[in-house]
Every structure is written in structure tokens, then in C-alpha cells.
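Next come the chains, spelled out residue by residue.
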Amino acid sequence: MASLLHNPPHPKERRIIFENLTKPGYAPDIETYLAHGGYESLKKAVTMKPVEIVDAVKAANLRGRGGAGFPCGTKWSFIKYDDGKPHYIVVNGDESEPGTFKDRYILHEDPHQLIEGLAISAFATNTHLAYIYIRCEFPHAARIVWNAIKEAKARGFIGKNLLGTGFDLEIYVHQGAGAYICGEETSLLESLEGKRPYPRIKPPYFPAVLGLYMKPTIVNNVETLCHVKHIIRLGAAEYARMGTPGDGGTRTFGVSGDVVRPGVYELPCGAVTLRELIFDICGGLKPGRTLKAVIPGGSSAKVMRAEDVYKIKVKGPDGAMIDKEIPMLDVVMDASTLQAVGTMVGSAGVMIMDDSRDMVWALNNLNQFYAHESCGQCTPCREGSLWMSKMTTRMLDGGGRAEDSKNLLSIADNIAGRTICAFGEACSWPTQSFLAKFPEEFAKTAAK
Amino acid sequence: MIESKTRQVDQLTPAFEAEADELVTHYPVSKRSASLPLLHLWQNQFGFVDDTGVEWIAAKLDLTPVNILELVTFYPWFRREAAGKVVIRVCRTLACAMAGSYDVKEKFCEAVGLDPHAEHHGFGTAPPTTPDGKFSVEFVECLASCGSAPVALIGDDLVENIKPADIASIVKNLQ
Chain A
1 MASLLHNPPH
11 PKERRIIFEN
21 LTKPGYAPDI
31 ETYLAHGGYE
41 SLKKAVTMKP
51 VEIVDAVKAA
61 NLRGRGGAGF
71 PCGTKWSFIK
81 YDDGKPHYIV
91 VNGDESEPGT
101 FKDRYILHED
111 PHQLIEGLAI
121 SAFATNTHLA
131 YIYIRCEFPH
141 AARIVWNAIK
151 EAKARGFIGK
161 NLLGTGFDLE
171 IYVHQGAGAY
181 ICGEETSLLE
191 SLEGKRPYPR
201 IKPPYFPAVL
211 GLYMKPTIVN
221 NVETLCHVKH
231 IIRLGAAEYA
241 RMGTPGDGGT
251 RTFGVSGDVV
261 RPGVYELPCG
271 AVTLRELIFD
281 ICGGLKPGRT
291 LKAVIPGGSS
301 AKVMRAEDVY
311 KIKVKGPDGA
321 MIDKEIPMLD
331 VVMDASTLQA
341 VGTMVGSAGV
351 MIMDDSRDMV
361 WALNNLNQFY
371 AHESCGQCTP
381 CREGSLWMSK
391 MTTRMLDGGG
401 RAEDSKNLLS
411 IADNIAGRTI
421 CAFGEACSWP
431 TQSFLAKFPE
441 EFAKTAAK
Chain B
1001 MIESKTRQVD
1011 QLTPAFEAEA
1021 DELVTHYPVS
1031 KRSASLPLLH
1041 LWQNQFGFVD
1051 DTGVEWIAAK
1061 LDLTPVNILE
1071 LVTFYPWFRR
1081 EAAGKVVIRV
1091 CRTLACAMAG
1101 SYDVKEKFCE
1111 AVGLDPHAEH
1121 HGFGTAPPTT
1131 PDGKFSVEFV
1141 ECLASCGSAP
1151 VALIGDDLVE
1161 NIKPADIASI
1171 VKNLQ
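These protein sequence lines map, in sequence, to chains A and B. One point on numbering: in the numbering used here, the residue at position 220 of the first sequence is 220, and numbering is uninterrupted. Numbering-wise, the numbering used here comes out as the position in the second sequence, counting from 1, plus 1000.
The hints are simulated quantities; they were obtained by calculation from the structure and are not laboratory data. All of these numbers come straight from a predicted model, not from anything done at the bench. Treat the hints with care, as some may be off.
Unchecked claim - Straight-line alpha carbon distances no greater than 16 Å define the calculated EDC-like cross-link-like pairs of lysine to aspartate or glutamate that follow:
| no. | chain 1 | residue 1 | chain 2 | residue 2 |
| --- | --- | --- | --- | --- |
| 1 | B | K1031 | A | E193 |
| 2 | B | K1031 | A | E190 |
| 3 | B | K1060 | B | D1115 |
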């Protein structure tokens, strides 16, 4: 695997998750992990009360790193420690959102970091059985994680009576089979139950209520659980301080597309603007090119246009909310700012497009993705994603019609909010935002 | 249904059955959960899943065959007919497409002797495969390596930053 973690790190970077795996000679085996302070956080965690661990994760302001960004500690607190029911933890390692490529590094190069974070979360939530769901397109990762589980078990960090505490934890790897929808948490649970992975009808909104085998379950992203280890290691306050008040710690950004140095960059939440990310950290655009568009948080996030100026409300010097105009490049890459400007940090997969890119072509590529990946359970999404894909393909093939933009938008508007899972929004937002931001390109292609 | 002359179930070995039994133990709450692992085990062993495979896995897990068949037809990974010995899966999605994956896929097809424009409809059919059964080439959706685009999963190995000029030698090394 080509390393996309550039050394030395940029001064703005702060490597916690990637601290060890970027060291020369670092290997995924347990000896190396232990030599780098491995499982010390777990040893500390088992001396704490479970509720103290949950409170620490809450106080750390850790938000999920998978895409939805739900506060992790809050999610855990939905599990009642002593409700007499079995609890499960399922690790979402189905990394499939276009533009996202961070978890693959953790799984391949530092699997014990995940297992340690998982063991801490299991101890905090009284969970004795956990599955790590890894997409089958990562066959080496599955083998590496399996091996790490065996090593950790042999050393007593997991398994029966872990660290002599009387607490049992079994962990198994479960491989997916090439379906993006399995990244949706209730689809993932259905997949793990051996059923067709159709997302479940909500409510209940949280697997913490009814999850795997209809029992309280936590589904967390790979990176999210790794952060737990560092919250225990550093303490919640110090961890939270690295980020912003609503978005603690660091986040691993995957930057791809038209920049000089694409790669994975671990940055404190809210530490950089889009301008710094593109021009300082990623080495800028390719020679002679200008910026056209950015998709900031995986392909489902709404696209931003280089000429955009966003009006948002911020706290003024006297504490009152005032209007502020922010040019696109000055948008801070944290959860709340990106939400305020109408998009999302999502999985922090940032795709950069320069002026050589045709936006109808780019949208068509994403439309084909969503048409292929719709699970087919809900009619608006199953039919609509395919219609949108067929329309943008026809436009590119020279068959554009004057009403194409209007019809595309109408289809997208009739999917979003009308489906069982968030895939409906995920497949509509690209079409809605590309049309809103680049109407002239669509009109021009339609007229051809 | 795909007609097959040999029944895969007739070629089962004790080692295979032992591995299947071991996989079932990973799911103490519900053995139905072992359906995906057993399908992977089967396809890794035989290259695809025939009717006897669907029936054997269903029987193993106390299910009806349709419970297994509906997984085979849902997940893009599983096949009902043989693919090439080496499957070349070129990533099609945005970052790779921007880096030239359509050209990469075409070059792979040419290098192994396949029609780059042959359609692949999925639903359990094998991707376009060379007559000697050595290679299949197909587009797949995002392989989660957008920073080193364009990429392809060749067998179990990810090949990154593929340059069209290197494709002939990549294929030659696979021969």
C-alpha cells in the first residue's frame, strides 16, 4: 500500500491516530504495539468505573468519524449497563464512501489500536461479544485484524477474564461482500445477521435500542473507536482541547483529486480552513489550474463552488449573534462550520476538482455509483437513482433536453426524505447541489 | 439458473467442512449470521457458487435455499458462474475516474485480450473473462484508496497509482 501519510508531518498536523504507524519500522504485530505503549489505555480503563469511561468520551466531545457525526459518548449512554440484556458492539469497517480512505490505514497498519479502543468501549458498556465488519475488498486487512485478535487474546487483553478483571470479550471479524449499503448501520446489522442487507425501518432510531439480534448494540466507525484509546490516555479535557467545543480531538482527512499531494492528514478539528488544507498542506493545485469545486465530506456531501460566499451567523465580540460572510476557501473544516454553510464534514473525504473538470461528467459518475448501490428496498431511491444516472449519461452522450435540469432536480427532491435510510439523501444531495451550484454547466450540456 | 456439469458439493473435503464448522462457531447467537462467511469460503474454494453450494450452506445453517440465494444475487462479490483465475477489479468511482480509470480499464482489457466495451450486467454473472479462463476484468465501485488513484484490486492485492503505460507489464507479471 502506497503511504499517503507524508513525512515529516505538516506543522498544522497533530498525529494521534497515525502517530505510531508513520514511524519507520512500525508493524501491525503486538510486540511492536506494546513497545509503543500499546494496551496501556485499556489497563487504565479497567481501573475506572464504566460510567466514568462513558462520561470521559462525552466530555471529550468525540463525534463519530463514519459520516453522520453523532456524539459518541451520547450514543454509548443509550446502553443501560445493567439492563440484564446481552449487548453487542459492531465496528463499521465497511469504508466505501467515495473519497474516504482513512480506515484502511488503521486496519492494515495498526489493528491493535482498534482492538484496544474496542475493548475499552466493551468494558464501558458491559459488552461481551463484538464483530468487526470489514469490506471484502480489504482481504489483507481482514487477515491482519484476525491475526491481531488472536495475538491480543493470547496475551489476555481480550478473551476470557481480560486483564484478570473477570470481564469476558470475544471479537470476530466479519467480511462484507461488495455492497456500499452495508455501511448504513442497520443494513450492516442485517448483513451481519445473514439477511439481505435492507436498512431497517426507523424508529427505533438507534441500534442502542434494538440492534444486532434485536439487542442493544453500538455501531461505531473504526477511527471513532481508535480515538477512545487516546481519550483515556490523554484525559478527556486535553483531548477535547485539541478540537472545537462541539467537535473534539483530531480528525483524519483523506484528500483526493486535483491537488499536488493527495493523502491522509490528521488535523485537530477546526484547525484549518479549506484554503490551508488545499494550498499549504496538500501543496496546492496542479500547475496552471484554478479551483472549481470541493466535495468536503465524502461523495454524499453537498458540493461547494470556488466562487461561493456563505452567510453564516457567528458569535460577535459582545456575545450577540452577527452575520458574517465567509468566502468558500475560508471555511473552517469542522463539523459545525461545514454544516452552517450547507454541507457536512461527513467522513472527511475531501475531493478537489479544478477548472479542467466537467461538472455534469462528475455528477454522472456519482449518479452511476448511487444507481449501482441503491439496495432497491424503497421505490423513490431504487427508481430515482437510476433515472438520474440515465439522464446525466444521456446528457453527456449528446442527448440533452431543455427540461433536464428541472427534471433532475424534481427526481432528487422526490427521493430525499422519502426513504427508509439516509441513502435517499446521500444520492439526492449531489444532484441537488451540483444543479444549484453549477446551473449554467447543466444548461449548456442540455442544449448540446 | 446456470447449468453446470459437475456438482461442487461432490468435491467437498473434510478440511473444508471443518473450516465451515469453525466459522459457524463465531456466531453463538444465530448461526444464520454465518451465511456470508460460508459463501466466501465456498467461492474462494470453487470460484463461484452453484446450486449445490446454495443448498449445502442453507442446510448447514438450517435455512431454506432461497435465504442463501437472495444473498448471492444481492451482493456484487458473489458469482453463479466461473470468472477468470485472476479477477482485475478497476475502481470506477469519482477520484479514480478523474485520474483516468476508464482508460486504465480499457488498457487492462486490451492487455488480456478482452473487448473493453463488453457489458457486464452483474446479478451473479461472471465479468467478461478470457477464453483461456485466466483473466476477468471489471469495473467496481469505490475501493477506498482515492488518494492513490487510479487503483485496481488484482486478486487480493491493491495496485495503486496505475499508469496506462505500465499495464502491459502488470499483466505480464500475472501470467
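- Task: Output the numbers, in ascending order, of every earlier hint that fails for this structure.
- Result: The structure conflicts with hint 3 only, although it agrees with all the remaining ones.
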